[in-house]
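Sequence lines, in order, name chains A and B.
Its first residue numbered 1, the first sequence is counted upward by one per residue in the numbering used here.
Its first residue numbered 1, the second sequence is counted upward by one per residue in the numbering used here.
For the record, the hints were derived by calculation from the structure and aren't laboratory data.
Don't be surprised by glycine CBs; every beta carbon is placed ideally from N, CA and C.
One or more hints might be untrue.
Said to hold, decoys possible - Selected chain A positions facing chain B (Cβ under 7 angstroms, derived; list incomplete):
#1 Ala10
#2 Gln16
#3 Gly23
#4 Pro181
#5 Glu185
Claimed, not checked - Just the calculated beta-carbon pair ranges, DEER-fashion:
#6 Leu7/B with Pro56/A: 33 to 41 angstroms
#7 Arg82/B with Tyr36/A: 29 to 37 angstroms
#8 Ser149/A with Val42/B: 44 to 52 angstroms
#9 Gly15/B with Ile95/A: 26 to 34 angstroms
#10 Val6/B with Thr175/A: 15 to 23 angstroms
#11 Ser5/B with Thr190/A: 51 to 59 angstroms
#12 Arg25/B with Gln182/A: 42 to 50 angstroms
#13 Thr40/B with Arg4/A: 47 to 55 angstroms
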Amino acid sequence: MAIREQEVVAAVAGLQIVGNEEGLIPAFGLYLTRHYADYYNRISFACYHRAEREGPAARDRARAALIRAGEVCAFNTFGGIMLSQEWEAVVAPMIESREDWAHGMVAVVNALGWGKWRVDRLVPGEELAISIANSYESTGYLADHPERSDGGVCFLATGGASGIMNLLYNGDITTRPALTPQYFEQVFSTAGRFVARETACRANGAPRCELITTRS
Amino acid sequence: MNDVSVLVQRDCLGGDRIVELKLPRAVALPDLDRVDGVVTRVVLSELPRPFFKLDVPGRFLLTGIIGDPRIRVTVRLSVRDRAVPTAIDVARSLLAGP
Chain A
1 MAIREQEVVA AVAGLQIVGN EEGLIPAFGL YLTRHYADYY NRISFACYHR AEREGPAARD
61 RARAALIRAG EVCAFNTFGG IMLSQEWEAV VAPMIESRED WAHGMVAVVN ALGWGKWRVD
121 RLVPGEELAI SIANSYESTG YLADHPERSD GGVCFLATGG ASGIMNLLYN GDITTRPALT
181 PQYFEQVFST AGRFVARETA CRANGAPRCE LITTRS
Chain B
1 MNDVSVLVQR DCLGGDRIVE LKLPRAVALP DLDRVDGVVT RVVLSELPRP FFKLDVPGRF
61 LLTGIIGDPR IRVTVRLSVR DRAVPTAIDV ARSLLAGP
């Protein structure tokens with residue numbers, strides 16, 4: 001693997017990504033948000049718990065919607081990052097293969113404060129296994145709620161993981177496509193797209209949250 | 001200045017405040033000195049491809065890579081309606097030197 005993660009994390013930290021007088025954080029050709037993790041967590045978990053009380057069908061729809069929100073985030077944020085000058089300056093010089101794009105994206109994630117992601121397995125075009133030592137979603141869940149017997153709660157991370165695979169192997173972010181709504185539908189809604197599932201979660205007592213992404 | 005081309009104008013909030021331009025030549029380090037009103041200047045020369053970021057509050061954020069002809073200008077809300085002319089003015093100042 002050609003990606004030197006510590007160098008990426010240090011370089012992204014050196015970009016001085018801060019808010020301006022408009023309250024916006026322009027970086028990577030995007031507007032980033034510096035968000036209270038608890039704000040997102042409490043809204044998403046309240047939604048999920050309400051749906052759980054309604055029954056399995058509502059629960060499944062809520063889970064799917066929250067993960068879809070993560071995929072939309074991945075499309076715009078990860079896609080935007082991989083097309084950015086910052087990526088060209090920091091990550092692109094290390095890239096030797098398509099798989100390095102995935103490792104590079106995970107390295108950037110590890111500079112964003114989302115928890116410590118690790119690529120456990122990447123089978124080109126087939127499977128991505130990521131685990132997270134301290135996802136902010138599971139951390140937030142356990143701060144407010146008792147441990148769950150089942151059902152992971154890392155919805156955004158789940159969508160992020162499938163986003164990486166869809167951008168690389170269902171679409172082709174390396175060809176610098178325009179990140180349009182039409183391209184999103186092409187990459188994230190077609191048959192054979194990648195879907196991630198959380199197979200272990202700290203909210204269920206697991207030591208790490210584990211995300212497995214395969215084709216649907 | 002006709003050889004400055006607009007590559008893309010968009011932003012991820014459904015607006016058009018980010019303008020990417022291609023200059024007729026690569027940006028050089030001394031070019032950055034010609035941009036007026038810069039309050040924050042970051043040049044990460046230790047990177048394999050040196051990244052720069054110049055912030056002019058109230059007007060724009062200019063980013064790019066030394067040695068690359070492409071620049072990105074993210075304009076502030078107050079000049080949103082003049083995003084492309086503002087970006088081209090920035091390009092003009094970069095290119096004004098010898």
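*Quick one: which hint numbers does this structure break? Sort them smallest to largest.*
Per hint list: 1, 3, 4, 5, 6, 11, 12, 13 violated.
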